[in-house]
Amino acid sequence: MVAIEIKDLTKKYKDKTAVNGLNLNIEQGELFALLGTNGAGKTTTIKMLSGLILPTMGSIKIQGMDMTKDTFRIKSILNVSPQETAIAPNLTVKENLDFMAGVYQIKDKDRKITELVKQFKLEDVLNKRVKTLSGGWQRKVSIAISLINDPQILFLDEPTLGLDVISRKELWQVIQGLKGKITVILTTHYMEEAESLSNRIGIMANGNLIAVDTVQELIKKTKAKSFEDAFVNIVTGGKLA
Amino acid sequence: MRMFNFAKRNFKELIRDPLSLIFEIALPIFLLFIFQQIKIPGDTYKLENFTPGIIVFGFSFITLFTATLVAKDRSSSLLIRLGTSPMRAYDFILGYIFSLLPIVLLQDVLFFVVACLLGLKITFNIILTILISLVISVLFIALGILIGSLVSEKGAGGVGSVVVQLVCFTSGMYFSKDLIGKGFAVVCDVLPFEGSLNLIKGSLNHNYALISVNDIVVFTLYTVAVLIAAIFVFQKKMLNANK
Ligand SMILES: Nc1ncnc2c1ncn2[C@@H]1O[C@H](COP(=O)(O)OP(=O)(O)OP(=O)(O)O)[C@@H](O)[C@H]1O
Ligand SMILES: [Mg+2]
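Just so you know, the sequences run in chain order A and B.
Everything in the first sequence is counted per this note's numbering, starting at 1 for the first residue and increasing by one.
Everything in the second sequence is counted per this note's numbering, starting at 1 for the first residue and increasing by one.
No lab work stands behind these hints, which were simulated from the structure alone.
Careful, some of the hints might be misleading.
Claimed, not checked - With a cut-off of at most 25 Å between alpha-carbon atoms, the simulated DSS-like pairs for lysine-lysine come out as follows:
id : chain 1 : residue 1 : chain 2 : residue 2
1  : B       : K236      : A       : K61
2  : A       : K118      : A       : K131
3  : A       : K131      : B       : K154
4  : A       : K94       : B       : K8
5  : A       : K12       : B       : K12
6  : B       : K182      : B       : K72
7  : B       : K8        : B       : K237
8  : A       : K107      : A       : K118
9  : A       : K112      : B       : K72
10 : A       : K131      : B       : K236
11 : B       : K237      : A       : K61
Turn these sequences into a full structure, and let the hints guide you.
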């Protein structure tokens, strides 16, 4: 079953086309990695897919529902971990989780919060105000929050940015655990992350989606030695490889 | 209810910023106290007239700090996250308004406690005045949301200060508009601050002759217009990812 159906998705800012005529289907339970250079249009794509900003053109269907008509229903089954850490600074970790549980009107919120605290090992920072935590810890809280409503569709915009090696590996495990159950769209600048986590990869450059395939196929097509070489080859059109 | 959940978060965020409380509560109380120590002739500085002035003055800081909170929220990614959640525009606006009402109530109670200690007669009118001032505070909160939706955090401080100045000069809390001249009086009539003050003054003194039709009309028009504009601008800014 198709979880996300994207047709001719376009976003223009004044004279800048951030996303240009994107066409893509993402399957239920698939983990799709969106790669691309800085400014390629990944975050803008996620913002449109999550209903935050309106596309200039094109359409989005999430689990058969139309984004423009069923925005409210769609929003309650998805969640996003934004590129920049998104938490309430003067609230404690516990209060942040509690607040977001309220935003999604979670019925069994204490159980869910306990589960997330355990999953992300937040016990020691639970009663600290978020603004006093280190960047990496804030990040973990921000990602934990994105699972509060057991989303069916999850967008992770550069989730492991600023995390130490151990935390990164732990987050990979969490993401692996979600695979197959929920649909995940992940952006990253770490090739090994995309390689080890994703079912398929999409590569964006200058607002265009220029390649969509599995890691093996992308390597094969470009006759590259590694996935990183394949990526460089695709993005630069072979000039840098 | 999503709006109350959001209001709870906003309230915590506001109350944990001591600077805002100093301006919203301590400064007006200080002025109330000081102006009673210097015996200035005329009715303006009598407790029953100056306390309402202090209330409206305190509200102007509510505008300033609401604007700052909203602008800060817009610049942080928290609002991006909330923008992808099933919160609707009115959840945001009412959530901001409800979070400030307890602070307004706290202001009112503390201002009246100090005023009574300084010699204001304790009457039932005080309760009525507090209720009316809660309604009036909605204009000041909505104005803060509108400003915070339009400008950056720094800009919110600047524009908010303008509102504070306008309240000082055009509400009539310090001097009557007729002392300056015709042109100035017109400005005072078309701005909602004099009306806000008169509504509070009239109820505290149980003297409805102090309230003109113009006061009521201007106040109501501003409140409705600013509320609608706040909802509209806030939502539009969010949907266009326009910081
Ligand atoms: N609100 C905006 N107004 C104007 N231009 C914008 C806005 N948001 C994004 N852009 C532009 O759109 C383009 C795509 O930006 P986007 O943030 O989607 O890139 P990205 O692929 O996420 O990059 P990065 O890897 O650096 O996060 C950039 O050129 C950016 O400058
Ligand atoms: Mg990005």
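task: State the violated hints by number, sorted upward, taking the hints as numbered earlier in the document.
output: 5, 6, 9 and 10
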